[in-house]
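Protein chains in written order, with the numbering used here: chain A, 12 to 122; chain B, 281 to 392.
Just so you know, the hints here were simulated from the structure itself, not pulled from any lab data.
Any given hint might turn out to be false.
What the hints assert, rightly or not - Computed cross-link-like contacts, SDA-like style, restricted to lysine to any residue with a CA-CA straight-line distance of at most 25 Å:
{"id": "1", "chain 1": "B", "residue 1": "K379", "chain 2": "A", "residue 2": "Y75"}
{"id": "2", "chain 1": "B", "residue 1": "K379", "chain 2": "A", "residue 2": "Q28"}
{"id": "3", "chain 1": "B", "residue 1": "K379", "chain 2": "A", "residue 2": "N109"}
Given the structure is predicted, the values throughout are model-derived calculations rather than measurements.
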Amino acid sequence: NAGVTQTPKFQVLKTGQSMTLQCAQDMNHEYMSWYRQDPGMGLRLIHYSVGAGITDQGEVPNGYNVSRSTTEDFPLRLLSAAPSQTSVYFCASSYARNEQFFGPGTRLTVL
Amino acid sequence: GESVGLHLPTLSVQEGDNSIINCAYSNSASDYFIWYKQESGKGPQFIIDIRSNMDKRQGQRVTVLLNKTVKHLSLQIAATQPGDSAVYFCAEINTGGFKTIFGAGTRLFVKA
Chain A
12 NAGVTQTPKF QVLKTGQSMT LQCAQDMNHE YMSWYRQDPG MGLRLIHYSV GAGITDQGEV
72 PNGYNVSRST TEDFPLRLLS AAPSQTSVYF CASSYARNEQ FFGPGTRLTV L
Chain B
281 GESVGLHLPT LSVQEGDNSI INCAYSNSAS DYFIWYKQES GKGPQFIIDI RSNMDKRQGQ
341 RVTVLLNKTV KHLSLQIAAT QPGDSAVYFC AEINTGGFKT IFGAGTRLFV KA
């Protein structure tokens, strides 16, 4: 099993550009979520999904969109990148509410 | 609002000693409390969890204690090893929900 995979590992954007961060898992987990982690801080929940076709907002959803068309994939879209979105983004999946498996992260810089 | 915080931002211990990492929480309605470990450049890794109807749970070299009276959570690591050096996060999940709220983290340094 590859577990949770994220692409790209690094990305630099200019203000106003859009892009999609990819996340995939091969563990057949129903729950998936996206977090951002700013330097020296904990993780903040952006969006999450409890199954294909079902998504909901987390703590900091503004400026991000998600969709869940399959169990395996949960992409995160930045609509119009801003410097405040410079962060490390983690995707996670789980079969239950408590134990999440995290991907290696995507480091995003917005200039 | 809801928050999960930590008492100490950094902790330095000697190899072989026991480590205790503390966490305060404010949401009495949370039903799961979880500890994650994050090594440099990696995603967080689940260590252990405890449900709100328990006050102690033990794993391999780790013990989590939950004191609901004072809303306090702690992670004890026995015989701390250099490989335990990392940032440790506590997190809570609201009852019946899915939103996981993370604390800011404590960095553990293990001196050889």
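Hints versus structure:
Our distance criterion of 25 Å between C-alpha atoms is met by K379/B and Y75/A, whose separation comes to about 17 Å. At roughly 29 Å between alpha-carbon atoms, K379/B and Q28/A are farther apart than 25 Å, so this suggested pair is violated. For the hint pairing K379/B with N109/A, the CA-to-CA distance comes to about 10 Å; that is within 25 Å, so the pair holds.
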